[in-house]
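Chain C is already provided as a structure; the job is to place chain F on it using the hints.
There are 2 protein chains.
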Amino acid sequence: MQELDTTSIVPLYKQLKDLILKEIEEGRLKPNQKIPTELELSERYQISRMTVRKSLAQLVDEGILAKKQGKGTFVQEPKMTEDLSSPNSFTNLCKRNGKVPGGRTLKFILEEATDRDMKELKLEPGEQVIRVERLRLADNMPVMLENLYFPGHLKNILVENLDDTSLYQILHDKYGLVTGNSVMEFEISEANSYEAALMEIRAGSPLLLVREIVYDQYGQPLHRTKSLLRGDKFKYISPRMNVIKN
Amino acid sequence: MQELDTTSIVPLYKQLKDLILKEIEEGRLKPNQKIPTELELSERYQISRMTVRKSLAQLVDEGILAKKQGKGTFVQEPKMTEDLSSPNSFTNLCKRNGKVPGGRTLKFILEEATDRDMKELKLEPGEQVIRVERLRLADNMPVMLENLYFPGHLKNILVENLDDTSLYQILHDKYGLVTGNSVMEFEISEANSYEAALMEIRAGSPLLLVREIVYDQYGQPLHRTKSLLRGDKFKYISPRMNVIKN
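Those sequence lines, one after another, are chains C and F.
Residue 1 is where the first sequence starts when you use the working numbering, and the numbers rise one by one after that.
Residue 1 is where the second sequence starts when you use the working numbering, and the numbers rise one by one after that.
Here chain C stands alone, though its shape is the one from the complex (with noise of 0.2 Å):
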């Protein structure tokens, strides 16, 4: 076990801090591990409660460590990030995070287009939409799922089998359509027992909810998506240019 140096000018907190990365870079603590609790942690480096608190307030803050209320202080597993300024789809955000794609058509549906269906991807009454569910994994996995909407006459895209890379290729080939631009609305939801039990986790946790109107080069609705997201999983960057703050 090694100490911390009292004799040092780096602060006991930070060295302290620097110990737990270690420990975590060389895999003795691992993800989801529970680490010892404040009380230990100081009788163990001989250091005020406070100067734990410090290092673990930092961990936490810096998303290495994560707080579970009333079960203690655990090493968070990274969460896969989504970029939203490269191209977007599971196959390449699974890579770009190091996990193994993988995925199961639930359902491939032609249906009545709801009233979200109309306002979003402007349909009359009476229309219909393609819905294509999925659910994704990421090193088998499942972390999310995906539901995709569109307009009901573009109904060559039902004759292909539908996988994420060759269902733009489908729009572009049969079609001539491409993506333009998007807008794409970020907010918590609370898994209900569907969901809970396709993604192995309990009613009532919190999901990522991501929605998004993806338009062709027309400006007229391709498609749209609800997906759901395990929070524990997941998180998007998003950069933004000229921002105005006021």
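Simulated from the structure, these hints should not be mistaken for lab results.
Treat each hint with caution, since some may be false.
[What the hints assert, rightly or not] Derived CB-CB ranges, DEER-like:
no.	chain 1	residue 1	chain 2	residue 2	range
1	C	173	F	237	27 to 37 Å
2	F	153	C	173	52 to 62 Å
3	F	100	C	31	42 to 52 Å
4	F	33	C	71	28 to 38 Å
5	C	242	F	74	31 to 41 Å
6	C	72	F	200	17 to 27 Å
7	F	100	C	30	47 to 57 Å
8	C	244	F	111	20 to 30 Å
[To be verified] Below are the BS3-like pairs computed for lysine-lysine, each with C-alpha atoms no more than 30 Å apart in a straight line:
no.	chain 1	residue 1	chain 2	residue 2
9	C	226	F	107
10	C	122	F	155
11	C	54	F	155
12	C	119	F	30
13	C	122	F	67
14	C	54	F	226
15	C	68	C	14
16	C	119	F	68
17	C	95	F	235
Cβ coordinates follow ideal geometry from the N, Cα and C atoms, glycine included.
Only chain F this time, still in chain C's reference frame:
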């Protein structure tokens, strides 16, 4: 009590959906109010439970209703929407959403830069940051806990009474600095006991954790922000230009 019209060409699920929407619009069903169960609705309107289920599913999907695990289905209070394409300030956000903004500065301190500060604000070890912690209220309800971190050399902002409208004005007037680009991160976090007490929620409640690094017109970091927002109160909208999907 209104009846459904079985002779209409409008499907029954759609009639029930419109009826519930009307009850909400006209204020007979209020935000956070529990609606009758599937069984009660099916008996009251003499329709099948499957029809009721379809109506409710669409209203949940549209964010009008929310299912709470084991508790029932409730009228969702509309979430405040931050639109990242328009000038950002909490004051604007509240005004756009019909709420009265309020706030309290909790901390205003000069402290040692953490590793994250050094990395994100490009500071050297031993440099300081100015940290401003503010609690933000909408209609007197605490909804957001915000921490802003400025490089220590921008000390002159410390001498001013920092409120939302004056901050960027001070940076402009005293330093000639204006906002350029930024990078945002979105993820889910759990409220710790400190955050929960301030925001008057239960510890462990899901919060939207939004981090931002704001750069100045020369591409240098101007400040970083860590905001925790009540997950049941907020959503973010972000437009994207020329998205690439593959």
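Hints versus structure:
For residue 173 of chain C and residue 237 of chain F, the Cβ-Cβ distance of about 32 Å falls inside the hinted range of 27 to 37 Å, so the restraint holds. Evaluation of the 52 to 62 Å hint for residue 153 of chain F and residue 173 of chain C yields a pass: the beta carbon distance comes to about 56 Å. Taken as a hint, the range 42 to 52 Å holds for the pair residue 100 of chain F and residue 31 of chain C, whose Cβ atoms sit roughly 44 Å apart. Between residue 33 of chain F and residue 71 of chain C the Cβ separation comes to about 34 Å, which falls inside the hinted range of 28 to 38 Å.
A hinted range of 31 to 41 Å holds for the C-beta pair residue 242 of chain C and residue 74 of chain F, which are about 40 Å apart. At roughly 25 Å, the beta carbons of residue 72 of chain C and residue 200 of chain F sit within the given window of 17 to 27 Å. For residue 100 of chain F and residue 30 of chain C, the Cβ-Cβ distance of about 48 Å falls inside the hinted range of 47 to 57 Å, so the restraint holds. Checking the proposed 20 to 30 Å range against residue 244 of chain C and residue 111 of chain F shows it holds: the Cβ atoms sit about 29 Å from each other.
For the hint linking residue 226 of chain C to residue 107 of chain F, the alpha-carbon distance of about 39 Å lies beyond 30 Å, and the restraint is violated. Pair hint residue 122 of chain C plus residue 155 of chain F does not hold up; C-alpha atoms about 52 Å apart against a cutoff of 30 Å. A hinted pair counts as satisfied when its Cα atoms are at most 30 Å apart, and residue 54 of chain C with residue 155 of chain F qualifies at roughly 24 Å. The suggested pairing of residue 119 of chain C with residue 30 of chain F holds, with an alpha-carbon distance near 24 Å, which does not exceed 30 Å.
Of the supplied pair hints, the one linking residue 122 of chain C and residue 67 of chain F holds, its CA atoms being roughly 28 Å apart against a limit of 30 Å. As the CA atoms of residue 54 of chain C and residue 226 of chain F are separated by approximately 18 Å, the hinted pair is consistent with the 30 Å bound. For the hint pairing residue 68 of chain C with residue 14 of chain C, the CA-to-CA distance comes to about 23 Å; that is within 30 Å, so the pair holds. A hinted pair counts as satisfied when its Cα atoms are at most 30 Å apart, and residue 119 of chain C with residue 68 of chain F qualifies at roughly 26 Å.
With a CA separation close to 28 Å, the supplied pair residue 95 of chain C and residue 235 of chain F stays within the 30 Å bound.
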